[in-house]
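Okay, here's what each chain looks like letter by letter:
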Amino acid sequence: MPRPMRVVTDKKIDMKSLKRLMAYVFKKYGKSLIAVVICIIISSVSTVIVNMFMAKLIDGVIVPGLSTGFDAVKAKLVHIIELMILFDVLGIVAAIIYPRIMATVGQGTIKSLRDDMFDNMETLPIRYFDSRTHGEIMSSYTNDVDTIRMLVGQSIPSAVSSIMTVTVIFLTMLRYSFWLTFGIILFIVLMFKVTKKYGGKSARFMKAQQKSIAKEEGFIEEMMEGMKVVKVFTHEDEAKEQFDALNEQLFNDVKTANAAANTLMPVLGNIGNLMYVVIAILGGLIVVLNIPNLSLTGIGALTIGVIISFLSLSRQLSQTIAQISMQVSSIAMALAGSDRVFALIDEQSEADEGYVTLVNAKETIAEGLTECEEFTGKWAWKHFHKADGTTTYVELKGNIEMVDVDFGYEPDKQVLHDVTLYAKPGQKIAFVGATGAGKTTITNLINRFYDIPDGKIRYDGINITKIKKDDLRRSLGMVLQDVNLFTGTIMDNIRYGKLDATDEECINAAKLANAHDFIMGLPNGYETELTGNGSQLSQGQRQLLSIARAAVANPPVMILDEATSSIDTRTEAIVQRGMDNLMEGRTVFVIAHRLSTVRNANAIMVLDHGRIIERGTHDELIAAKGTYYQLYTGAFELE
Amino acid sequence: MSVIKKLAPKIDGYRKETILTPTFMLGEVALECIIPYVMATLIDEMTGVSLTPVLKYGAILVALACFSLFCGMNSAKFAATASAGFAKNLRRDLFYRTLDFSFEDIDKFSSSSLVTRLTNDVTQLQMAFQMLIRMAVRTPLMLIFSVCMAFSINNKMAWIFVGIIPFLGIALYAIFRVAHPIFKRIFKKYDALNNSVQENVAGIRVVKAFVREDYEQKKFNAASEEVRKDFTHAEKILALNNPCMLFSIKVTVLLVCWLGAKIIIGTNATELTTGQLSSLIAYGVQILSSLMMLSMVFIQMTFSAEAGNRVCEVLDHESALKSPEGGLTEVKDGSIEFDHVSFKYRPNSRRTALTDINLKIESGQTIGIIGSTGSSKTTLIQLISRLYDATEGVVRVGGRDVREYDLTALRDQVAVVLQKNILFSGTVKENLRWGNKEASDEELVRVCKLAHADEFVQQMPEKYDTMLSQGGTNVSGGQKQRLCIARALLKKPKILILDDSTSAVDTKTDALIRRALKDEIPATTKLIIAQRVSSIEDSDVIIVLDGGKISEMGTHAELMQHGGIYREIYDTQTSGKEVAANA
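Line order of the protein sequences matches chains H and X.
Just so we're aligned, residue 1 is where the first sequence starts under our numbering, counting upward by one.
Just so we're aligned, residue 1001 is where the second sequence starts under our numbering, counting upward by one.
Take these hints with a grain of salt, some might be off.
Taking lysine-lysine and the DSSO-like style, the derived pairs with C-alpha atoms no more than 27 Å apart in a straight line are [stated by the list, open to error]:
| hint | chain 1 | residue 1 | chain 2 | residue 2 |
| --- | --- | --- | --- | --- |
| 1 | H | K31 | X | K1508 |
| 2 | X | K1262 | H | K76 |
| 3 | H | K228 | X | K1188 |
| 4 | H | K74 | X | K1322 |
| 5 | H | K111 | X | K1108 |
| 6 | X | K1236 | H | K228 |
| 7 | H | K228 | X | K1492 |
| 8 | H | K240 | X | K1429 |
| 9 | X | K1108 | H | K240 |
| 10 | X | K1437 | H | K240 |
| 11 | H | K397 | H | K413 |
| 12 | X | K1322 | H | K240 |
| 13 | X | K1508 | H | K76 |
| 14 | X | K1006 | H | K240 |
| 15 | H | K228 | X | K1322 |
| 16 | X | K1437 | H | K74 |
| 17 | X | K1344 | H | K31 |
| 18 | X | K1429 | H | K228 |
| 19 | H | K111 | X | K1236 |
| 20 | X | K1508 | H | K625 |
| 21 | X | K1250 | X | K1156 |
| 22 | X | K1250 | H | K56 |
| 23 | H | K215 | X | K1005 |
| 24 | H | K498 | H | K468 |
| 25 | X | K1156 | H | K28 |
| 26 | H | K28 | X | K1429 |
| 27 | H | K469 | X | K1236 |
| 28 | X | K1189 | H | K28 |
| 29 | H | K28 | X | K1218 |
In case anyone wonders, no lab produced these hints; they're calculated from the structure.
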């Protein structure tokens, strides 16, 4: 509906995506589309044919009627009116049917495009999200889909109908007179030339306009976000000055772009008027000079009735062309939009060549570890060996090894070098180091958010590339520094960790995370609805929920990223206790910012520029008086 | 209606264009209506004997077409200028208005909603305005002219049109009435759907870490299906517009043909001619399509009304916090006094953020403030530079009530480094000069040295000319904080407030900065809010806030002696250190 649209037509329009879009629609709605085209043909014919009846009415009824009287021609008139009614009814029925089908087709198409985009988006590697802003991805779902909806729902039917109408008009014209048709063709060529010229001009202005809109919006966004700083620095006047300059620029660009878009219609309309005059004169000449009229029906004299219907046909033609010209810009926008939509749909999914799966297991003395259907609380890796066709089961314990791991987000920029570490079940490994030292990167490799080019990571002795990604991630819990909550109740958000968890399980998890007390303090307790990433909660409370969410999943290995944001000492103690509870009895990788965390760790890894430069327990590292000692005593920045 | 009244003055400076657009439009429409009439005459004169009448009327037609083109081009151009100007004024007024907003107002509207109002809503109103001065003028005029022309051709026949207008009008209105509430409802659902995409994009790591891709897909597909169903339903209703329109046109044409033929023959072409018959049909189509256009304009306007309301909300909002007329422009010194001050964020809220605060700070003192989250530390200091007004009691700076000062003068003397601080896109220099436009380069370096920012700025590729990205994301948290302090120092304020401004700076640098402040700007009153005891322990006075009240106040030694909250915080924060020192 009336949402301001963004035109982004930087590159040349590629018809490929239009073809693909058409194929996409046709595959699903082929039959419906055929019905629509038939309806459009019927309705175009019924609209144009009125003019033919007008010619018949004048030449066959009115002109002879003037000399013979009304009664003599009445029968003929009734006959013509009857035929007109027949076509009218057909036309109206078609006009009722096809927009309804198009509503189904249009909405259905964008629904499946939206679903395809979302379904594929969920499978994309984290890399994809790293390289784009949220706004960029979002705009495919809103702006781009909107342009396609306009295209499928409006522009295409209207273009098809216009083309049909033009064709029918031409055929009708040829049936009457070649000479006059030829005159009209000249004008049509002129009209298309004008549209093209204006279209190009207006597209250029549009681009300039889009640019200054983006600039102004960027400025407004920044100023609104930083409004409090503006006020504190009494920077209002400077802000006004800057704004006025941008606003003036935008005004000028909008003015020119709109003027170009607005003038097309009067120009085309009046070329149409000119065409009318020329056809009238041409027709008059033919009649006066008695030039034989050449038409599809043969050679004959040109009648007044034919000229009259020709004139109204020419009006209809110019109006139809004006209509087509109005669709040009929205088609261009939709093409750019569908390019981006298909790009998202086509984006390569996260590869998963893993075949080792996680299964419920039970252990008996007779058979050892075996797979079973029911939930036993014991899990095992089911490992099928291709070489000898056997299947082995390895109990899920949480033993992690990293051997000689290298990694870079970009191929030529290595972030981690030769990282080797071992974590036995139940051990706590703390990572310490400056921003950009590679702490978060290491944890992102364990759950395969990114794949390593060199080195090995093993989980319970199995190379993690052999493990199915879903099962690998299920066996790892994560509490990230930036908390993301979803729209829904607090209960829903906790249950996110384990979809079939009972209310009781969720509440127990909340208790473990130290979140229960604050939740009970909320007016609706666990049923409190969260919106906007839980914006109604404090930072500390959101962290507690994120801990509870990981707790309910109950995995043997946890990855924790402690928050750096300054929460006060008391809340911090509460969060810390929640974290400590969560770490109990699990293998833990923690990106540490808190003293107590580091001190309780079995091993501390000090990272610097992607290398482990020191490792050991707290006491060992303090005694060594190295980087850790300096970090610890506050000589370096720790973020 | 009040929306229109409120927005109407925004055409200021473009009044001429706003009036000329419909004026030329009037000419264009009049000509568009006369042209078919002349065409009819031309047809009637086309007897097949002589070409003279054809040429004569042809010439008239060409002249009229040229004139119509002139009117059309002008109206198009003026419309573009007027609507762009309207949007420009509106945007400017909105922006200026938000600059007058107090912190309270900004909290109330939220910055993201203000952005939407200044961008999307204004764009939509711009389109609506252009539609208003073009289409909303054009279509009724077209309707009226066409009816008039029809009556001038033939009275009897024209009544057919008059009869069909109400039918079509009612039908279109009924369709709109049914469809509008449905659309309104679905847009909410549609927003929720997009919101869930947003959540997934932002939280993709959570989704993947918990292996919830399938779950999210199912959830999304279900929501998307619901949106599809609703939209299809609503669009189908709206799609009835077209056949109603078509039906009206066809009935009209049939009636005109039947009666027209009868009249022409019956009166021997005296009352009606063939040419007139065809132009009557043309007018009929024009009348009905104007009606259709009118209904579309109406729909567009109703949708834009929402945007208009949102924009007016901002324009109408009077900020309660205003600079007094002829306020004091001199701040005598950096002394601060809180006299029985209480504060509530919202007048009707039950919770008081600050309760009965009494406090006297002398010029040049260093004050440390500590307390848990929600103890209103930030609230307290925001009253000093009048970012909020006290609900009860008086806050005095330099011995005078803060409400007596000119706001700019007051805020220039009370520099606050906010907790949620922001750098803007631009060079380091440009960002620093927020503190003082005229500051020399040496001055910049001097304050950066004070804030211990110079060392890292010197290491940046372009030094002080390095571009910072929006939000200052290309410097680390600690660096950002130091730049923000430098920026505030440039103001040479009488009072400097640091609201948790060194939380990401290491303790050593933190201490160096405090040392520098003490030595270099001794006369400036300094208020430091911190989580770390080490940041405030050497202050002249330490204030411990708890639940919006001053619970302890004194020097470090006094408070340690007292053994209250301060002592508790001190012990928890330093326990680790002592062990380390022993190790």
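These are the hints, each one checked on the structure:
no.	hint	result
1	H/K31 to X/K1508	violated, 75 Å
2	X/K1262 to H/K76	holds, 12 Å
3	H/K228 to X/K1188	violated, 31 Å
4	H/K74 to X/K1322	violated, 83 Å
5	H/K111 to X/K1108	violated, 36 Å
6	X/K1236 to H/K228	violated, 48 Å
7	H/K228 to X/K1492	holds, 19 Å
8	H/K240 to X/K1429	holds, 20 Å
9	X/K1108 to H/K240	holds, 22 Å
10	X/K1437 to H/K240	holds, 15 Å
11	H/K397 to H/K413	violated, 34 Å
12	X/K1322 to H/K240	holds, 18 Å
13	X/K1508 to H/K76	violated, 106 Å
14	X/K1006 to H/K240	holds, 22 Å
15	H/K228 to X/K1322	holds, 16 Å
16	X/K1437 to H/K74	violated, 90 Å
17	X/K1344 to H/K31	violated, 65 Å
18	X/K1429 to H/K228	holds, 20 Å
19	H/K111 to X/K1236	holds, 16 Å
20	X/K1508 to H/K625	holds, 17 Å
21	X/K1250 to X/K1156	holds, 18 Å
22	X/K1250 to H/K56	holds, 17 Å
23	H/K215 to X/K1005	violated, 30 Å
24	H/K498 to H/K468	holds, 19 Å
25	X/K1156 to H/K28	violated, 52 Å
26	H/K28 to X/K1429	violated, 59 Å
27	H/K469 to X/K1236	violated, 45 Å
28	X/K1189 to H/K28	holds, 25 Å
29	H/K28 to X/K1218	holds, 21 Å
In terms of the numbered hints stated before, the structure departs from hints 1, 3, 4, 5, 6, 11, 13, 16, 17, 23, 25, 26 and 27, listed from lowest to highest.
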